[in-house]
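Quick note on the working numbering: the sequence shown kicks off at 6 and runs consecutively.
A portion of the hints provided could be inaccurate.
Unchecked claim - Simulated crosslink set (DSS-like; lysine-lysine; CA at most 30 Å straight-line):
{"#": "1", "residue 1": "K191", "residue 2": "K244"}
{"#": "2", "residue 1": "K75", "residue 2": "K110"}
{"#": "3", "residue 1": "K79", "residue 2": "K115"}
{"#": "4", "residue 1": "K191", "residue 2": "K79"}
{"#": "5", "residue 1": "K244", "residue 2": "K218"}
{"#": "6", "residue 1": "K110", "residue 2": "K87"}
{"#": "7", "residue 1": "K27", "residue 2": "K75"}
Stated by the list, open to error - Cβ-Cβ distance ranges computed for the label pairs, FRET-style:
{"#": "8", "residue 1": "K27", "residue 2": "G65", "range": "25 to 31 Å"}
{"#": "9", "residue 1": "Q29", "residue 2": "N187", "range": "22 to 28 Å"}
{"#": "10", "residue 1": "S30", "residue 2": "E194", "range": "16 to 22 Å"}
{"#": "11", "residue 1": "P109", "residue 2": "V23", "range": "51 to 57 Å"}
{"#": "12", "residue 1": "F112", "residue 2": "K27", "range": "25 to 31 Å"}
These are computed hints drawn from the structure, not numbers from a lab. Keep in mind it's a predicted model, so treat the numbers as computed, not measured. Virtual Cβ for every residue (Gly too), placed ideally from N, Cα, C.
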Amino acid sequence: MAHLYEMQNIPSVDQYVVGLTKIQSSITDLHIKAFQAHYQAPNYSATAKQIAFWAGISGGHTQINLLYGKLGHKLCDELGIKPDLRPDSTHRWWSVWSSGWQTPKGFIWKLLPPAAEAFEQLGWVETAVFASTDEVISNEILLEGGLYRIAVNAYERNPKARRQCIAAHGTTCCLCGFNFGNIYGKAAEGYIHVHHVRPLSEIKAQYTINPVKDLRPVCPNCHAVLHMRSPAYSINEVKVMLSHSESKG
Numbered sequence: 006m007a008h009l010y011e012m013q014n015i016p017s018v019d020q021y022v023v024g025l026t027k028i029q030s031s032i033t034d035l036h037i038k039a040f041q042a043h044y045q046a047p048n049y050s051a052t053a054k055q056i057a058f059w060a061g062i063s064g065g066h067t068q069i070n071l072l073y074g075k076l077g078h079k080l081c082d083e084l085g086i087k088p089d090l091r092p093d094s095t096h097r098w099w100s101v102w103s104s105g106w107q108t109p110k111g112f113i114w115k116l117l118p119p120a121a122e123a124f125e126q127l128g129w130v131e132t133a134v135f136a137s138t139d140e141v142i143s144n145e146i147l148l149e150g151g152l153y154r155i156a157v158n159a160y161e162r163n164p165k166a167r168r169q170c171i172a173a174h175g176t177t178c179c180l181c182g183f184n185f186g187n188i189y190g191k192a193a194e195g196y197i198h199v200h201h202v203r204p205l206s207e208i209k210a211q212y213t214i215n216p217v218k219d220l221r222p223v224c225p226n227c228h229a230v231l232h233m234r235s236p237a238y239s240i241n242e243v244k245v246m247l248s249h250s251e252s253k254g
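Can you make the complete structure from the sequences, with help from the hints?
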């Protein structure tokens with residue numbers, strides 16, 4: 006049985022969120038892309054080579070090792086923790102993100118659940134129920150679709166379109182009017198899901214996305230309702246549900 010490498014003092018979700026916020030100047034688009042690819046992997050598990058391939062990051066496993074190691078070191082320093090030592094007395098800085106074990110096909114990294122939840126809270130990834138269906142965008146030139154087949158089907162994702170959607174529509178749910186910042190205060194300010202009004206599963210090919218026209222901010226509850234069937238309910242259909250509920254109240 007393969008030996009499992011896992012930190013003994015894994016940070017809490019809150020520690021991840023606070024720590025990552027404090028070192029945000031060190032976090033690049035490459036880090037975000039790598040974390041998104043890792044998050045979307047089956048059971049959060051992948052080799053560094055797979056993460057690099059899915060994220061479209063050149064340099065393969067070497068680059069992912071570097072990204073995870075250096076940022077992991079910074080996060081650990083910020084939190085005042087240290088991961089376990091290797092036999093050569095160096096720290097496994099990558100282990101602040103993942104547990105790991107050796108297999109014949111390579112060394113597997115499994116994203117730690119508290120880290121994954123922190124990425125969700127920070128708005129870097131969508132919750133898992135939506136990650137493999139839609140709301141997923143390609144890199145830089147804002148092309149959507151582009152489904153490529155590897156171990157699993159995966160779409161490419163671009164935070165730039167999300168930012169443009171939020172810049173145009175704000176962070177208030179376009180369906181129910183819920184705003185995290187208004188209810189929970191500064192700690193939750195700016196948090197919102199982004200919904201694609203046209204499911205990518207119906208498109209089947211690449212097309213140029215208009216973040217203002219094609220994306221809408223929605224709260225997690227409304228987002229869940231939108232996806233309660235396949236194909237998803239339309240924005241107007243869920244608005245009708247809400248209006249009927251309000252009329253009964």
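Verification of the hints:
1. K191 <-> K244: Holds: K191 and K244 sit about 28 Å apart, inside 30 Å.
2. K75 <-> K110: OK: K75 and K110 at ~25 Å, within 30 Å.
3. K79 <-> K115: 20 Å, holds
4. K191 <-> K79: It holds: about 25 Å lies between the C-alpha atoms, which stays within 30 Å.
5. K244 <-> K218: Holds - the C-alpha atoms of K218 and K244 are around 18 Å apart, at most 30 Å.
6. K110 <-> K87: 29 Å, holds
7. K27 <-> K75: Given that 30 Å is the threshold and the Cα spacing comes to 15 Å, the pair holds.
8. K27 <-> G65: 25 to 31 Å: 30 Å, holds
9. Q29 <-> N187: 22 to 28 Å: 23 Å, holds
10. S30 <-> E194: 16 to 22 Å: 19 Å, holds
11. P109 <-> V23: 51 to 57 Å: 39 Å Cβ-Cβ, so the 51 to 57 Å window is violated.
12. F112 <-> K27: 25 to 31 Å: 29 Å, holds
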